[in-house]
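Peer 1: One-letter residues, chain by chain:
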Amino acid sequence: KAGVTQTPRYLIKTRGQQVTLSCSPISGHRSVSWYQQTPGQGLQFLFEYFSETQRNKGNFPGRFSGRQFSNSRSEMNVSTLELGDSALYLCASSLGAGRDYGYTFGSGTRLTVV
Amino acid sequence: DAKTTQPNSMESNEEEPVHLPCNHSTISGTDYIHWYRQLPSQGPEYVIHGLTSNVNNRMASLAIAEDRKSSTLILHRATLRDAAVYYCILRDRTGANNLFFGTGTRLTVIP
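Protein chains in written order, with this note's numbering: chain E, 1 to 114; chain P, 1 to 111.
Only pairs whose alpha carbons sit at most 30 Å apart, straight line, appear in this in silico DSS-like list of lysine-lysine:
1) P/K3 with P/K69
2) E/K13 with E/K57
3) E/K57 with P/K3
4) P/K69 with E/K57
Treat the hints as calculated values from the structure; they're not laboratory data.
Produce the complete structure using the sequences and hints provided.
Peer 2: Here it is in structure tokens:
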């Protein structure tokens with residue numbers, strides 16, 4: 001079966017612009033999470049959606065937002081980009097919510113802000 | 001977030017077993033122990049998880065200490081494809097469905 005698909009794979013944006021990243025979870029998975037990975041901070045949780053509702057949010061500024069559609073696809077948006085937003089953004093999906101479920105990650109979107 | 005402690009790096013010879021340790025002395029009774037790994041240029045990959053009993057799957061085995069304060073991920077025969085950063089993660093009962101990734105253990109497999 002198809003895995004978690006993230007588009008685009010690579011993106012270059014200018015400081016001050018905004019960007020939207022897309023994630024298509026595994027068919028049947030209702031939970032979608034987003035993570036940011038940088039060399040300095042490692043993997044950090046951004047937010048998690050389940051059945052179109054944001055259930056949990058990490059410690060990121062309000063410039064980072066997301067949403068989930070009825071088909072479980074998710075998008076995250078970053079407004080007013082800063083150089084420090086350059087990172088690998090990873091999406092993960094899970095069949096259900098709760099601590100007994102594993103997550104399947106996509107390959108990520110590499111965002112470079114110049 | 002409940003914390004885990006892992007060695008920064010480990011080495012193994014190809015085709016030998018690898019035991020990756022993880023300490024989680026503050027684990028609570030209902031915390032699940034999850035392991036993920038991240039190969040170069042890829043997103044993290046789920047490996048295995050357990051609660052109290054040892055667990056086996058096609059990728060690895062998870063041995064959990066009787067007091068649950070530590071666990072060990074066992075790769076039975078390391079291959080070059082197993083070279084990755086391995087993360088030991090506790091998932092707690094707060095309902096916060098996020099994974100707290102620490103620094104993990106970088107496994108190097110020597111041919």
